[in-house]
Amino acid sequence: MLESLLAVSGLVLLRDSVQWEGRSLLKALIKKSVLCGEQVHILGCEVSEEEFREGFDASINSQLVYLDLYRDPLNWSKTGEAFPGGLLGVLRAMRGKTDPRPVTIALDSLSWLLLHLPCTTLCQTLYALNYQDSSLGDSSPVQQVRVLGLLHEELHGPGPVGALSSLAQSEVTLSGTAGQASAHILYRRPQQHPTVKTQWFSIRPDFSLDLQGGPPLASQPHPDPHIFQVDPTTHLTFNLHLSKKEKEAKDNLTLPFQFSSEKQQALLCPSLGQATSYIFYEPDVYDDLDQEDPDDDLDI
Amino acid sequence: MFPELNNLLNATPDKVDQGKLTLLCDAKTDGSFLVHHFLSFYLKANCKVCFVALIQSFSHYNIVGQKLGVSLTTARERGQLVFFEGLRSSVDVFFRAKGEPHPLQFLREASAGNLQPLYEFVREALRPEDNGEAAWRCPVLLVDDLSVLLSLGMGAVAVLDFVHYCRATVCWKLQGNIVALVHDSGDTQDEENDILLNGLSHQSHLILRAEGLATGFCRDVHGQLRILWRRPLWHPAQRDRSLTYQYKIQDKTVSFFAKGMSPAVL
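Going down the list, the sequences are from chains A and B. No gaps in the numbering here: position 167 of the first sequence is 166 in numbering that gives the first Met the number 0, and each next residue is one more. No gaps in the numbering here: position 124 of the second sequence is 123 in numbering that gives the first Met the number 0, and each next residue is one more.
Take these hints with a grain of salt, some might be off.
[Stated by the list, open to error] Calculated pairs, SDA-like style, for lysine to any residue (alpha carbon to alpha carbon, straight line, at most 20 Å):
1) Lys-19/B with Ser-259/A
2) Lys-247/B with Met-260/B
3) Lys-19/B with Arg-70/A
4) Lys-172/B with Asp-286/A
5) Lys-19/B with Arg-126/B
6) Lys-19/B with Val-46/A
7) Lys-172/B with Asp-71/A
Derived by calculation from the structure, the hints in this document are not laboratory data.
Using the sequences and the accompanying hints, generate a full structural model.
Here it is as structure tokens:
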């Protein structure tokens, strides 16, 4: 299902956390888009262009149109590279008009934009990015636009996150256990129930996705270099396991409390010779037999 | 610096990573020992250090530095250390002519401004020298601590913008490092502080979080330190990226041990 995220247009939210970063998944999806022959625009606010492009091979990198907001987003350095229409103008200008190919716009990150723009304005701009074609009314063919937005969940209250999530076609929430990442995918289709699925995955160093069937087994030993693995079964003073012969001997043994049919027979139908029993008691020679009643002093 | 902490972080003054943001965070305890560690570490590593100290005076850091084997006075005279003493400068803001720029200019402004003057101070302090010779290894910005800026009236986004510009200049352009301390307010529902802490956590490469013990004060165990390396998902060492140790602060050093393995307990 993770691979079908790119099948539809609209906003795809990638919700990550401090523990599980989502930029690698964003880069994996970008690579997939480029390989599908789409034009890809990236708005980079959080990491430098070099850091973002790191790991992609040259053929992918040459296809990416990168807009760098990282170096001087607020024009403090006064380098003169200020964006004329402000941040919103940048966003609106991101979709190419001439190329009829589908466009993927990656926002790294939506959180940064949300901290610097009013939530309503941002939502309206994102909506306009996706659905501009119908309002323009020009004769050019309808261009498919997909927006991948990386959102750091902890940074925002439930209000803005809810607004963005209602705008999104699909949401991917990242989490994981024991070094294995998982994606909780909510996929909304028009006039159908939303689909929910959890997908385990890992990302290879070349940013291709490796999908896995289920969670990692908890019993797998962790190769932690800081913990020395000590085998607790060495130097034991007893056997942990029985040999085959010992096991057979153990299985053949009838334990005293085991109730078998033979035992039952012996109890229910006593043989004649054992019907009456006597107790013969012969005191020892030196037994100290006291004739007095032992309970005499109890005053009963 | 504390050799045991260096071992845990796999760092030595001879081998300094570059272009990294390290976030120090303390919750229900005092994490300033981490600031002292990194200050002495980078001075010993022969890095050019800009120290924005908003919590304590120069003499305080100098005395602790001497215990750890570095002299801040000498480092300042040699030009290795640029020390911004927030306590003293905050008074200066009010006694200078209005037109003169000051790093803490926002204290004088009625409306909540930005931290651009403070950023420009950092940029000037760490600007590479013009004579072409690299006297120091790499620039380092140290901030103790960023939560104070919130208390002084700045918004979390303004502080995040300040760190963003410092990252772009120090980490990316100059290939240096940033170390910043932020308090974790914990249960007190301080939204601005939470935004600052989470925003910085998402930007940082390494997070050191000092926490007080959940069971309360203890004479032999002063708290626990969580280490989180924020490696990308494709990185092969995904499993061992988070470690937790307990520590005890001694006179000149800090000893670390596995949870529940304090020498006083065993």
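Taking the hints in turn, this is what the structure says about them:
At most 20 Å may separate the alpha-carbon atoms for a hinted pair to count; Lys-19/B and Ser-259/A exceed this at roughly 75 Å. With a C-alpha separation of about 12 Å, the suggested pair Lys-247/B and Met-260/B falls inside the 20 Å cut-off, and the hint holds. The straight-line distance between the Cα atoms of Lys-19/B and Arg-70/A is roughly 16 Å, inside the 20 Å bound, and the hint therefore holds. Restraint check: the Cα-Cα separation between Lys-172/B and Asp-286/A comes to about 106 Å, which exceeds 20 Å; the hinted pair is violated.
With a C-alpha separation of about 18 Å, the suggested pairing of Lys-19/B with Arg-126/B holds against the 20 Å cut-off. Note on Lys-19/B and Val-46/A: the hinted pairing holds, with a Cα-Cα distance of about 12 Å set against a maximum of 20 Å. Proposed proximity of Lys-172/B and Asp-71/A is supported: the alpha carbons are some 12 Å apart, at most 20 Å.
Against the hints set out earlier in the document, violations occur for numbers 1 and 4.
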